[in-house]
Amino acid sequence: AQSVTQLDSQVPVFEEAPVELRCNYSSSVSVYLFWYVQYPNQGLQLLLKYLSGSTLVKGINGFEAEFNKSQTSFHLRKPSVHISDTAEYFCAVSDLETGANNLFFGTGTRLTVIP
Amino acid sequence: DTAVSQTPKYLVTQMGNDKSIKCEQNLGHDTMYWYKQDSKKFLKIMFSYNNKELIINETVPNRFSPKSPDKAHLNLHINSLELGDSAVYFCASSQVGRETDTQYFGPGTRLTVL
Chain A
1 AQSVTQLDSQ VPVFEEAPVE LRCNYSSSVS VYLFWYVQYP NQGLQLLLKY
51 LSGSTLVKGI NGFEAEFNKS QTSFHLRKPS VHISDTAEYF CAVSDLETGA
101 NNLFFGTGTR LTVIP
Chain B
1 DTAVSQTPKY LVTQMGNDKS IKCEQNLGHD TMYWYKQDSK KFLKIMFSYN
51 NKELIINETV PNRFSPKSPD KAHLNLHINS LELGDSAVYF CASSQVGRET
101 DTQYFGPGTR LTVL
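Order-wise, the sequence lines are chains A and B.
Residue 102 in this note's numbering sits at position 102 of the first sequence, and the numbers go up by one each step.
Residue 26 in this note's numbering sits at position 26 of the second sequence, and the numbers go up by one each step.
The hints are simulated quantities; they were obtained by calculation from the structure and are not laboratory data.
Heads up, the beta-carbon is just placed ideally off N, CA and C, and yes, glycines get one too.
Incorrect hints may have been included.
Below 20 Å or equal to it, Euclidean Cα-Cα: the simulated DMTMM-like pairs (lysine to aspartate or glutamate) are [claimed, not checked]:
1. 41(B) with 66(A)
2. 41(B) with 64(A)
3. 44(B) with 64(A)
4. 36(B) with 88(A)
Beta-carbon label-pair distances, calculated as ranges [claimed, not checked]:
5. 41(A) with 57(B): 34 to 44 Å
6. 28(B) with 30(A): 35 to 45 Å
7. 55(B) with 115(A): 41 to 51 Å
8. 107(A) with 10(B): 22 to 32 Å
9. 44(B) with 72(A): 38 to 48 Å
10. 30(A) with 53(B): 38 to 48 Å
11. 42(B) with 71(A): 17 to 27 Å
12. 53(B) with 60(A): 39 to 49 Å
Partner residues aside, some chain A positions facing chain B, computed with beta carbon under 10 Å [as the list claims (entries may be wrong)]:
13. 14
14. 17
15. 19
16. 49
17. 53
18. 82
19. 83
20. 92
21. 104
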């Protein structure tokens with residue numbers, strides 16, 4: 001079975017400062033990894049994904065994430081945040097074994113950018 | 001064009017009522033999903049449909065029933081609504097084999113049961 005842990009439920013950060021949102025997963029099989037963002041009162045939007053290949057993945061809005069298999073992590077980073085980045089961020093994992101697109105989500109991290 | 005749409009956006013109803021939420025996708029995907037997001041923002045999959053067949057049902061009460069009239073639609077029917085059903089429900093879709101496991105989400109339906 002798969003599970004996802006987002007250790008930080010809330011992350012406040014000043015505008016133009018760097019940010020890292022942590023995500024760890026557990027799985028007995030190979031996985032795909034995703035970060036989704038949810039802006040206030042909106043649906044989920046895909047930020048980036050790791051399927052295979054390079055472990056450093058670049059997404060939209062200047063975000064990037066690095067897949068670390070030995071540490072079973074997929075932390076999300078941005079070198080300089082903007083007010084508009086204030087949102088809820090969800091890490092998710094799906095496995096390659098079932099063949100079905102089962103997404104398991106973490107509990108989310110609320111990023112608040114302070115002016 | 002909206003890729004995944006849901007109606008209604010807000011739904012307020014009394015306990016015991018029966019209600020439906022509609023979902024449509026115009027991405028040509030063959031798999032659609034329903035997720036429930038609780039008050040703590042936790043997202044959990046409820047159902048998925050692939051080629052009109054149910055392939056996931058994660059311990060969801062049988063008061064919830066997905067209905068797929070065609071590949072582009074997956075509606076969620078809820079009977080005998082309970083207070084605990086209050087949540088935001090998200091529809092999603094994906095295409096197996098194309099950008100595998102990338103699911104595209106609708107804007108959500110906020111259900112409030114009084």
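Task: Hints breached by this structure - done: 1, 2, 3, 5, 6, 9, 10, 12, 13, 14, 15, 17, 18, 19
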